[in-house]
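Trainee: Single-letter residue listing:
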Amino acid sequence: MTGQGRYAAWIVGLAALVALPFVYRDPYHLHILVLILIWSFAYTSWSMMGRFGLVSLGHGGFMGIGAYVTALLWNHVGLSPWIGIPISMVTAGVLALIVGYPCFRFRITGHYFVLVTLALSGIVLQVITATRDWTGGSLGYTPNRAATNRWLALQFDDKTTWYLIALGTWLFGIVVWHWVDRSMSRYALEAISEDEDAAAAAGVDVTAEKLKITLISALMTALAGAIYCQYQMFITPDTVSGISVSLQMVFAAIVGGLYVSLGPTIGAIITILLAETLRIGFGTKAVGWDNLVYGLLLVLFIIFLPKGILGSVLDRLKPQRKVSPSS
Amino acid sequence: MQGFLDIFDIYLLEAVINGILLGGVLALLALGLNLIFGVIDVTWICYAELVMIGMYAMYFLVQYYGISYFIAAPLTILLVAALGGLLHFLVIAPLLTAPPINQLLATGGVLFVLQSFATVAFGIDFRNLGIRLPVLAFGEMNFSYARLLSFLAALVGMVAVYLFMTRTFTGIAIRAISQDRQIMALMGVDTKKLYIITSALGGALAGLAACLLVLQYDVHPFVGLSFGPITFLICVLGGLGNFIGGFVAAFVFAEIISLGGLFSDLEWGYVLAFGFFILMMFIRPAGLFARRS
Numbered sequence: 230m231t232g233q234g235r236y237a238a239w240i241v242g243l244a245a246l247v248a249l250p251f252v253y254r255d256p257y258h259l260h261i262l263v264l265i266l267i268w269s270f271a272y273t274s275w276s277m278m279g280r281f282g283l284v285s286l287g288h289g290g291f292m293g294i295g296a297y298v299t300a301l302l303w304n305h306v307g308l309s310p311w312i313g314i315p316i317s318m319v320t321a322g323v324l325a326l327i328v329g330y331p332c333f334r335f336r337i338t339g340h341y342f343v344l345v346t347l348a349l350s351g352i353v354l355q356v357i358t359a360t361r362d363w364t365g366g367s368l369g370y371t372p373n374r375a376a377t378n379r380w381l382a383l384q385f386d387d388k389t390t391w392y393l394i395a396l397g398t399w400l401f402g403i404v405v406w407h408w409v410d411r412s413m414s415r416y417a418l419e420a421i422s423e424d425e426d427a428a429a430a431a432g433v434d435v436t437a438e439k440l441k442i443t444l445i446s447a448l449m450t451a452l453a454g455a456i457y458c459q460y461q462m463f464i465t466p467d468t469v470s471g472i473s474v475s476l477q478m479v480f481a482a483i484v485g486g487l488y489v490s491l492g493p494t495i496g497a498i499i500t501i502l503l504a505e506t507l508r509i510g511f512g513t514k515a516v517g518w519d520n521l522v523y524g525l526l527l528v529l530f531i532i533f534l535p536k537g538i539l540g541s542v543l544d545r546l547k548p549q550r551k552v553s554p555s556s
Numbered sequence: 102m103q104g105f106l107d108i109f110d111i112y113l114l115e116a117v118i119n120g121i122l123l124g125g126v127l128a129l130l131a132l133g134l135n136l137i138f139g140v141i142d143v144t145w146i147c148y149a150e151l152v153m154i155g156m157y158a159m160y161f162l163v164q165y166y167g168i169s170y171f172i173a174a175p176l177t178i179l180l181v182a183a184l185g186g187l188l189h190f191l192v193i194a195p196l197l198t199a200p201p202i203n204q205l206l207a208t209g210g211v212l213f214v215l216q217s218f219a220t221v222a223f224g225i226d227f228r229n230l231g232i233r234l235p236v237l238a239f240g241e242m243n244f245s246y247a248r249l250l251s252f253l254a255a256l257v258g259m260v261a262v263y264l265f266m267t268r269t270f271t272g273i274a275i276r277a278i279s280q281d282r283q284i285m286a287l288m289g290v291d292t293k294k295l296y297i298i299t300s301a302l303g304g305a306l307a308g309l310a311a312c313l314l315v316l317q318y319d320v321h322p323f324v325g326l327s328f329g330p331i332t333f334l335i336c337v338l339g340g341l342g343n344f345i346g347g348f349v350a351a352f353v354f355a356e357i358i359s360l361g362g363l364f365s366d367l368e369w370g371y372v373l374a375f376g377f378f379i380l381m382m383f384i385r386p387a388g389l390f391a392r393r394s
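Taken in order, these protein sequences are the chains called A and B. Per the numbering used here, numbering of the first sequence is gapless, rising by one per residue and ending at 556. Per the numbering used here, numbering of the second sequence is gapless, rising by one per residue and ending at 394.
Excised from the complex, chain B in its bound form (with noise of 0.2 angstroms):
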């Protein structure tokens, strides 16, 4: 009995880590949909599918191309961040005084152009870098070091994401904008313009995202359904808009996630995480971290 208690322990501890290491991932996604949500008040369903998009040009671009993977990451970075720009010039910009539902069916239509765009392009071929990372062992558990290598990159690119929002100018504008958008463009500030550089840097993230997920998962077109909808639920959680609160949140989805999956399969630690997900919802309809208003 005490050997099984230990080996359980093991096992549990080493879950619990994993969660911590995905969260750092889902974190960034989630930081990526709230700077969008809180500046623009848009929810783009579509995000993930610019994640797999990202997916594929690293794909494409260290595979095909041979270019070095940390010279690709930046490419990467740059082309997701355009299309997010083109994103909001193309179909949210039009839509910016319609009723907050048109925009959202409005991304989910470009979900469907994206996904199948890359089925039309790619085919609906499972393809992976072809780069393995070699497991981390430590004591008895065992951590894949490309989930540590993820987890550090996302919590670099959030810490540059907040220097960006508090130090620079662009970025207090850009805070500025969510608190009162009305105002704003009385005081003279260009909305236009910062609304394409926060999609932008949303699609940026995105990218990110996408030049961590590749070194763990394989890219196929419809990759963006397995973690798009967590991201949203994670931002819901932790209230649309609200950084803290999707970064906890984040972790809290990843740990239970994590841990479902260790008891059973690891589709029950998603069913979990949703049904986790609606309760609280009841319980805290604006999220984690609501301020009473």
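Chain A extracted, bound-state conformation (with noise of 0.2 angstroms):
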């Protein structure tokens, strides 16, 4: 494909996906497609550090955190998710440098990475189930309802504003992924993963680099959160944080090929369809067996497909396109 005809591909496509809500209105599936551009945001955000081989589980901590701030100050400190978004986003961004640094500054890679950050998603966890005397525990949590000014609340009754809120941030995720991948940072970054001190050695600063995308990540993750939280308007410890949130995440970006942008959007649609077919085929009979199929296609998937669906398929249409080092 050409570059010019992979814009108007883009182009055509975005002004479908704008122009849906208007022609079909069906609330059930506008919901699901609401929940797939929403987690879709989630993923990518997620992929934007676990394609360059920093492979954290403390994201489920950044969208707990995201969810839960937001909600809190509009509930108890009357303050609009306008102010709160940003806020609940500086938190998790200040999270995020204050393991970050030391981890990158002191070469923390690898298990023990996936470890450290493990322990951060842990933490927020039990954080919010601890202070359960604001934060509702485990029960979960409710926005109170706003009585006047919907706007100024961020609560919308009808789907397809909140579709077209979802399509925009996803958008979003979506260009600032390009963005990165087209910046030098992506040459330094995949410089890291491959072997660090000669990427430290070649006059890449590893450690800003690395907490860079970390804090875009974070940022993005933690916006993620905060409109899941806005749109659902009921969020548990379990469903916004905690260590099943990240394994989740990492889990669809792998299923949808973690190196193309698209891939992770493509890991929530798999993901969320199959949980919705299991649901709606087998009614309560099904709990549980969304995830067992989950888990056998991760396993299946890291032996045979480590790219990905969307990443392979790509492969093998274009077999003659130079493959990135780092895939």
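Hints should not be assumed to be uniformly reliable.
Stretch-level coverage of chain B by chain A, calculated; a stretch enters the list once three of its residues show a Cβ under 8 angstroms from a Cβ in chain A [as the list claims (entries may be wrong)]:
#, segment
1, 190-202
2, 220-229
3, 370-382
Interface residues of chain A toward chain B, partial, derived using beta-carbon atoms under 8 angstroms [said to hold, decoys possible]:
#, residue
4, Leu246
5, Val284
6, Pro331
7, Ile337
8, His340
9, Leu344
10, Ile352
11, Thr358
12, Ile483
13, Thr506
14, Ile509
15, Gly512
16, Val516
17, Gly517
18, Leu521
19, Val528
Hints were generated in silico from the structure; no laboratory data involved. Glycine residues also receive a C-beta, built at the ideal position from the N, C-alpha and C atoms.
With the hints as a guide, bring both chains together as one complex.
Mentor: Encoded structure:
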């Protein structure tokens, strides 16, 4: 596909996506689409780091902070989500820097990095559960309904508005992905993921580059959490934070394909459609089956298709395309 | 004021001793994980889920088939050991040359599989053995008999592993492999066989932990999440693959959780432990007893 053809395809696709809710109004299907878009954004945020070998299991923590800080500020301080969301993102970003800086400075990589970030999402989950007087603990938490100004409270009842918000957020994620993909940092980070010492010797500021991408990824993940909370109007520690949410992100990104921009989106479509189909087809009997299939797929994918579905398909379509060194 | 202090000290002592007892089981869990990591260089994220399966096995053997606890325990240990070997054969062996992150994530997939298998097969009800061991009163302090038993059994298990690793030919071969993986194959050692044996041994330790934990906790499909993460943190704090480090770190963690829980909710004990872990990672990134290279 030529560069122009690619742009044309993107524009036509986007126009179709924007027009969709005005033509097709089935609330259930729109609900599924909104969920897919929000989670796609979260998975894309994770893959920003994941594609450079920075496998983090702490993103459940960032997402939880995004959701809970926004909701808590609204309920207890009365601060509009328009201010609350940036605050929650900054909180997640500061936490990412506090944990990230020493990690990168002291060369904590591989298994160790995974396990330190695992501790991070563990901490966030436990803090939310422990401060149950404010956060409702594991019973979950609901932002108060706005009495008057809906725009100020970022609460809408119609699915179309939410669809457009989610679409915009998702598009923002894809744009950031491409922006990183074209920047010098991408080459620096790929060099780092190959060999840190060699990259440092070649003049790459390893700590700064890693911190940058971590910060971007954490800010976006917190935004995803906040949007999810505003849309669902109900959050529990287990649905927005903790280790299982982190693993869910890893799983979807890997199934879809880590190294292509739409990979995490494909991952979100597959996982959410799978869960919904099983839920509708089998009802309450389906409890557990979706995760059973996820888990099996994850294992099979890592063994047989480590580039994910989209990544492998694109490679198959374009055998002459130069494969990036990290994949 | 004096009376208050006296009562306080009793509670403090009780918390300290309970921490030591908890540390025994955590040390056992950490030992299994360290063994796998030290020899095969793989982190089993699903380690705690193997323990969960073992706990279900105990539950069904004892409650459903009416087998005595002491006969059910070896059966469970054998079952989980077989599972460990199978896990290596099916998932890890094809990935041995893949990047370490892929191995870790593949076992993350196994975590999902085991958890949801338990949900599908056994439901999400909390189940317990129905064995209630008496509480041991010592002075004014109360200790659960189950914890004491677990502590002792964990110690016995660890000594057994130590003797196996130092006194038998297979054990020495396993330790040699953990020092240099390439050379051992050149020396004519069947590394594949040793990897399977090590995985089964790690599984057996998970099985032993399951037999002990089932005395104290109810079984449900997500029970692994309540002590899985803490086990990884212990191993990392002690230095992955470092047996002694893991042993000491288990007791440090158990004390933090126990004492933190004394002053506030149990969750804050965990928060403190996790926070301590992150702090320690920055002070000693390669573990408590890292050798300077």
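Trainee: State for each hint whether it applies.
Mentor: Hints, one by one, checked against the model:
no. : hint    : result
1   : 190-202 : holds (count 7)
2   : 220-229 : holds (count 3)
3   : 370-382 : holds (count 7)
4   : Leu246  : 31 angstroms, violated
5   : Val284  : 5 angstroms, holds
6   : Pro331  : 4 angstroms, holds
7   : Ile337  : 5 angstroms, holds
8   : His340  : 5 angstroms, holds
9   : Leu344  : 5 angstroms, holds
10  : Ile352  : 4 angstroms, holds
11  : Thr358  : 5 angstroms, holds
12  : Ile483  : 7 angstroms, holds
13  : Thr506  : 16 angstroms, violated
14  : Ile509  : 17 angstroms, violated
15  : Gly512  : 14 angstroms, violated
16  : Val516  : 6 angstroms, holds
17  : Gly517  : 3 angstroms, holds
18  : Leu521  : 4 angstroms, holds
19  : Val528  : 4 angstroms, holds
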